[in-house]
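J.: Chain by chain, the residues:
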Amino acid sequence: MLARSATDLLRDLSVRKLSSVELTQAYLDQIKLYDGQVKAFLHVDPAAALARAKEIDDRRAAGKPMGKLGGLPVAIKDVICTKGQKTTCGSKMLENFVPPYDATVVKRLKEADAVLIGKTNMDEFAMGGSTENSAFFKTTNPWDKSRVPGGSSGGAAACLAASMAPLSIGTDTGGSIRQPAAFCGVTGLKPTYGRVSRYGLVAFASSLDQIGPMAATAEDAALLLEVLAGHDPLDSTSANIPTPEYTKSLSQPFQGLKLGLVKEHFGPGLDPEVEAAVREAVKVYQSLGATVKDISLPHSKYGIATYYIIAPSEASSNLARYDGVHYGYRTDEKQMLAELAAERKSLEAKQDEKGLKNLDTALIRLYRKTRAEGFGPEVKRRIMLGTYALSAGYADKYYLQALKVRRLIRSDYDAAFQEVDFIIGPTAPNPPFKIGEKSGDPLAMYLEDLYTVTANLAGIAGISIPCGLTSGKTTGSPLPIGLQIQARPFDEDRLLRAAAMFQRGTDWHTKRPNL
Amino acid sequence: MSLTRADVEKVSLLGRLRLGDAELDTMTEQMGRIVGYIEQLGELSTDNVQPMAHAQEMHNVFADDALGASLPRDAALANAPKKDAECYRVPAVLGE
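Sequences listed follow chains W and H, in order.
For the first sequence, counting from 1, position 475 maps to 475 in the working numbering; every step adds exactly one.
For the second sequence, counting from 1, position 53 maps to 53 in the working numbering; every step adds exactly one.
Think of the hints as simulated: they come from the structure by calculation, not from any bench.
A portion of the hints provided could be inaccurate.
To be verified - Now the in silico label distances, taken between C-beta atoms and shown as ranges:
no.: 1; chain 1: H; residue 1: Asp25; chain 2: W; residue 2: Gln286; range: 52 to 58 Å
no.: 2; chain 1: H; residue 1: His59; chain 2: W; residue 2: Lys54; range: 46 to 52 Å
no.: 3; chain 1: H; residue 1: Lys82; chain 2: W; residue 2: Phe266; range: 37 to 43 Å
no.: 4; chain 1: W; residue 1: Gly269; chain 2: H; residue 2: Leu24; range: 29 to 35 Å
no.: 5; chain 1: H; residue 1: Ala63; chain 2: W; residue 2: Lys434; range: 48 to 54 Å
no.: 6; chain 1: H; residue 1: Cys87; chain 2: W; residue 2: Gln351; range: 54 to 60 Å
no.: 7; chain 1: H; residue 1: Glu39; chain 2: W; residue 2: Gly256; range: 42 to 48 Å
no.: 8; chain 1: H; residue 1: Ala85; chain 2: W; residue 2: Arg11; range: 52 to 58 Å
no.: 9; chain 1: H; residue 1: Asn60; chain 2: W; residue 2: Asp332; range: 42 to 48 Å
no.: 10; chain 1: W; residue 1: Leu363; chain 2: H; residue 2: Arg5; range: 23 to 29 Å
no.: 11; chain 1: W; residue 1: Ser14; chain 2: H; residue 2: Leu44; range: 53 to 59 Å
no.: 12; chain 1: H; residue 1: Ser70; chain 2: W; residue 2: Ser287; range: 56 to 62 Å
no.: 13; chain 1: W; residue 1: Phe266; chain 2: H; residue 2: Arg33; range: 23 to 29 Å
no.: 14; chain 1: H; residue 1: Arg33; chain 2: W; residue 2: Ala362; range: 32 to 38 Å
Stated by the list, open to error - Chain W side only, calculated, beta carbon under 10 Å to chain H, not exhaustive:
no.: 15; residue: Phe97
no.: 16; residue: Pro100
no.: 17; residue: Phe136
no.: 18; residue: Thr192
no.: 19; residue: Glu333
no.: 20; residue: Asp360
no.: 21; residue: Thr370
no.: 22; residue: Leu443
no.: 23; residue: Trp508
Said to hold, decoys possible - As a list, the in silico DSSO-like pairs of lysine-lysine whose alpha-carbon atoms are at most 30 Å apart:
no.: 24; chain 1: W; residue 1: Lys357; chain 2: W; residue 2: Lys345
no.: 25; chain 1: W; residue 1: Lys334; chain 2: H; residue 2: Lys83
no.: 26; chain 1: H; residue 1: Lys10; chain 2: W; residue 2: Lys438
no.: 27; chain 1: W; residue 1: Lys357; chain 2: H; residue 2: Lys10
no.: 28; chain 1: H; residue 1: Lys82; chain 2: W; residue 2: Lys83
no.: 29; chain 1: W; residue 1: Lys334; chain 2: H; residue 2: Lys82
no.: 30; chain 1: W; residue 1: Lys357; chain 2: H; residue 2: Lys82
no.: 31; chain 1: W; residue 1: Lys107; chain 2: W; residue 2: Lys92
no.: 32; chain 1: W; residue 1: Lys92; chain 2: H; residue 2: Lys83
no.: 33; chain 1: H; residue 1: Lys10; chain 2: W; residue 2: Lys354
no.: 34; chain 1: W; residue 1: Lys17; chain 2: W; residue 2: Lys68
no.: 35; chain 1: H; residue 1: Lys10; chain 2: W; residue 2: Lys107
Nothing here was measured: the structure is a model prediction, and the numbers come from that model.
Note that the Cβ used here is the ideal one computed from N, Cα and C, for glycine as well.
With these hints in hand, go ahead and build the complete structure from the sequences.
T.: Here is the structure:
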């Protein structure tokens, strides 16, 4: 049962061949059996999930109207607010934070009769590509537990690969849905900026963040996106345009499909097995009637540098709210005041006028100590980088220049989409790496995002779908490889069709690891 | 120009962080390498390029100026680490 797609399960639920209680119980059993090793979930409330499933079953039995997800369990990344349920963002700062309201996507999922099965682990405040930056524990890759699941939506992807949920919600600021989807062998869609409301999503970089569906297949992702997408007056950046019925158009064939291969995506640093699998996927499309041409995104090589100015700059501003006053962690105030008094006394004894002048006030010290203790190293690094890039004397050189290069990156895409319908290539330059392999080298970790960040900067849509497994010769066990397809803004319906077309011709999306 | 330890210490105050001695050393080294990498943007000529601050370039999104329910005070205060019946509590700011 757990190996079946969400769409398939929904069919059985809707004719009462299967109850939501049975299905939810099966996933809870799987979590109980395997999550001790995978560690995909931060919080699971079995009693609440089963009560909700029963309530949906009862309504269905009474012939009442049913929402689109009619009893299907959905896992939620722990950066999305759930009313009355902890939302930690993988941070000690929000370890005990209980949101007073639901995010718009959570409200929509509830209205669609989803069963919220649990909250998934992530890199702290969605900053990272391996889920090693969670303040609580590291999630492992179900295909090889010595390797990372990718990130920042690592728990969201790993729970799908380990068949602990049929549907999962992730967020993507620079590749955080697509890269873990590639690393875990599942399907993950980053919608166009503005397609899904960000209300109730804890902000990392507001001009880049986007919520999206993760699932086994493009068909399941289409089902989930139909529920998530749509205009929301509570998010002024959400697009006021109609939401297509993605599931309806999914099986329509394409005539004369034109695909672009970015020559800059096949340069040094690309793992040979990843390249071979992607080239094989291109052949699959050609056999299905697509034409393929080489294109160039000349500014894509500046993507990482641009992203690592803009994203930390926005983060440094967004994370200013964690002050130890309104909510979240706060340093021990008595101890802080005693330390400050001792420092003052010592400076006075030395008659150090400059030191006394520069000594923090109690409130500033409260902020600084709270944040020093509440944030982990990567979050601090990004706050520092962003603060630096926005500081007097550097804002034009770094931040303004990055915004201009962002325009050049977007213009490259606009020109490319004049020539082709979609851009295809690798999602990540390599298969999942070992836990700890890159954690001491932040720049090496940032370079993992090479193929994904430009979609966020340009605001376009992108999807990662499974397109192969490594042979295991160099990696020990076979590991998933992801194919990234990028599309014009708001072209998710055709993007999902292109992904579904590939999945009808291949079976990579059906592969699951031995747990 | 490379980033100095004093620069990093100054930025840590602006960013309301407090870094210990060892942390300052590591941060100076790591930020130095990252800033060295992002310096490559300087090689592009962008004189006639308009900055792009947002992916959807929308302007003036209006909402009706209508009264609605707001978050009740006890709900807004529920997560506060230190509070009284009506307010967030902070260390004394005046009279230092």
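J.: Hint by hint, say whether it matches the structure.
T.: To see whether the hints hold, each was checked on the structure:
Checked against the hint of 52 to 58 Å, the C-beta distance between aspartate 25 of chain H and glutamine 286 of chain W comes to roughly 54 Å, which is consistent with it. As the Cβ distance of histidine 59 of chain H to lysine 54 of chain W is approximately 48 Å, the hint placing it in 46 to 52 Å holds. Roughly 56 Å separates the CB atoms of lysine 82 of chain H and phenylalanine 266 of chain W, a value that falls outside the hinted 37 to 43 Å. Checked against the hint of 29 to 35 Å, the pair glycine 269 of chain W and leucine 24 of chain H passes, with Cβ atoms roughly 32 Å apart.
Restraint check, alanine 63 of chain H to lysine 434 of chain W: a C-beta distance of roughly 49 Å satisfies the suggested window 48 to 54 Å. Separation of cysteine 87 of chain H from glutamine 351 of chain W is about 39 Å and departs from the stated range, judged on CB atoms against 54 to 60 Å. Here the CB-CB span from glutamate 39 of chain H to glycine 256 of chain W is close to 44 Å, well matched to the stated 42 to 48 Å. Checking the proposed 52 to 58 Å range against alanine 85 of chain H and arginine 11 of chain W shows it holds: the Cβ atoms sit about 54 Å from each other.
In this structure, asparagine 60 of chain H and aspartate 332 of chain W meet the distance hint of 42 to 48 Å, their C-beta atoms being roughly 46 Å apart. Against the hinted window of 23 to 29 Å, the Cβ-Cβ separation of leucine 363 of chain W and arginine 5 of chain H comes to about 26 Å, which satisfies the hint. For serine 14 of chain W paired with leucine 44 of chain H, a C-beta distance near 55 Å keeps the hint of 53 to 59 Å intact. The hint said 56 to 62 Å for the Cβ distance between serine 70 of chain H and serine 287 of chain W, and at roughly 58 Å that hint holds.
For the hinted restraint 23 to 29 Å between phenylalanine 266 of chain W and arginine 33 of chain H, the CB-CB distance of approximately 26 Å keeps it satisfied. Taking 32 to 38 Å as the suggested C-beta distance range, the pair arginine 33 of chain H and alanine 362 of chain W conforms, at roughly 36 Å. For phenylalanine 97 of chain W, the interface hint holds, the least distance from its beta-carbon to any beta-carbon of chain H being 6 Å, beneath 10 Å. About 4 Å separates the beta-carbon of proline 100 of chain W from the nearest beta-carbon of chain H, less than 10 Å, and the hint is met.
Proximity of phenylalanine 136 of chain W to chain H is violated relative to the hint, the smallest CB-CB distance being about 19 Å (cut-off 10 Å). With a cut of 10 Å, the hint placing threonine 192 of chain W at the interface with chain H holds, because the nearest CB-to-CB distance is about 8 Å. The interface hint given for glutamate 333 of chain W holds, since its Cβ lies 6 Å from the closest Cβ of chain H, which is under the 10 Å cut-off. Because the beta carbon of aspartate 360 of chain W sits about 8 Å from the nearest beta carbon in chain H, less than 10 Å, this interface hint is met.
A least Cβ separation of about 9 Å between threonine 370 of chain W and chain H falls short of the 10 Å threshold, and the interface hint therefore holds. Here the hint on leucine 443 of chain W is kept, as its CB sits about 6 Å from the closest CB of chain H, short of 10 Å. For tryptophan 508 of chain W, the interface hint is violated, the least distance from its beta-carbon to any beta-carbon of chain H being 30 Å, above 10 Å. Of the pairs offered as hints, the one joining lysine 357 of chain W and lysine 345 of chain W holds, with about 13 Å between alpha carbons and a cut-off of 30 Å not exceeded.
Of the supplied pair hints, the one linking lysine 334 of chain W and lysine 83 of chain H holds, its CA atoms being roughly 15 Å apart against a limit of 30 Å. At most 30 Å may separate the alpha-carbon atoms for a hinted pair to count; lysine 10 of chain H and lysine 438 of chain W meet this at roughly 28 Å. For the hint linking lysine 357 of chain W to lysine 10 of chain H, the alpha-carbon distance of about 15 Å falls within 30 Å, and the restraint holds. At roughly 21 Å between alpha-carbon atoms, lysine 82 of chain H and lysine 83 of chain W fall within 30 Å of each other, so this suggested pair holds.
Using a Cα cut-off of 30 Å, the hinted pair lysine 334 of chain W and lysine 82 of chain H holds, with the two alpha carbons roughly 13 Å apart. Of the supplied pair hints, the one linking lysine 357 of chain W and lysine 82 of chain H holds, its CA atoms being roughly 29 Å apart against a limit of 30 Å. Pair hint lysine 107 of chain W plus lysine 92 of chain W holds up; C-alpha atoms about 26 Å apart against a cutoff of 30 Å. Proposed proximity of lysine 92 of chain W and lysine 83 of chain H is supported: the alpha carbons are some 20 Å apart, at most 30 Å.
A C-alpha spacing of about 15 Å is found between lysine 10 of chain H and lysine 354 of chain W, which places the hinted pair at or below 30 Å, so the restraint holds. A distance of roughly 17 Å separates the Cα atoms of lysine 17 of chain W and lysine 68 of chain W; the hinted pair therefore holds under the 30 Å criterion. For a cut-off of 30 Å, the pair hint linking lysine 10 of chain H to lysine 107 of chain W is broken: about 43 Å separates their Cα positions.
Checked against the numbered hints given earlier, this structure breaks hints 3, 6, 17, 23, 35; the rest are met.
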